[in-house]
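Trainee: Sequence:
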Amino acid sequence: MDYKTYLDLVLALENRSEPQTLAYIFNILDIKGNGYLDSFTLNFFFRAIQDQMKQHGAEPVSFQDVKDELFDMVRPRDPEKITLTDLLACGQGDTFVSILIEFHGFWAYENREAVSSEPSQD
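Sequential numbering of the sequence shown, starting at 1, is according to UniProt numbering.
A portion of the hints provided could be inaccurate.
Said to hold, decoys possible - Have a look at the derived ranges for each label pair, beta carbon to beta carbon: (1) Gly57 - Tyr3: 32 to 40 Å; (2) Arg75 - Asp2: 36 to 44 Å; (3) Asp72 - Lys32: 33 to 41 Å.
Said to hold, decoys possible - Derived lysine-lysine pairs resembling DSBU-like cross-links, with alpha carbons at most 30 Å apart: (4) Lys54 - Lys67; (5) Lys32 - Lys54; (6) Lys32 - Lys67; (7) Lys54 - Lys81; (8) Lys4 - Lys32.
Just so you know, these hints were derived from the structure itself, not from any lab. Using N, Cα and C, we set each Cβ at its ideal position, and we do this for glycine too.
Please work from the sequences and hints to get the whole structure.
Mentor: Structure follows, in structure tokens:
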């Protein structure tokens, strides 16, 4: 990876909610190059999250449960495939990407109810 590509990636990760950014990241996630993400592809990326959960002493979450949540979140036209159009239309593309590519993004989503119910420290 050259420096320009690295900068493009860093900027994309910082601006995940932008449609152009989601398209950029979607193309990275589309490892088969077929224009959609299926269960195989989601599992490919989520295995790294499961490994990090083990490293942090947490019980790994079932991929099937996460896959179902991701498909429910996106509500794709085809129940077996998530396209870029589906991801852009759902309005939660940044959350979807965070769950798949970073442990802290997954953890924040997984614990969103517990975190939001904690008293604020003003």
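Trainee: With reference to the structure, classify each hint as holding or not holding.
Mentor: Comparing the hints with the structure gives:
1. Gly57 - Tyr3: 32 to 40 Å: 36 Å, holds
2. Arg75 - Asp2: 36 to 44 Å: For Arg75 and Asp2 the Cβ distance comes to about 37 Å; the hint holds.
3. Asp72 - Lys32: 33 to 41 Å: 23 Å, violated
4. Lys54 - Lys67: Judged against 30 Å, a Cα distance of about 19 Å means the pair holds.
5. Lys32 - Lys54: Measuring from Cα to Cα gives roughly 27 Å; hence the hint holds.
6. Lys32 - Lys67: Cα-Cα ~18 Å, so holds.
7. Lys54 - Lys81: 28 Å, holds
8. Lys4 - Lys32: 24 Å, holds
Hint 3 alone, counting from the list given before, is not met by this structure.
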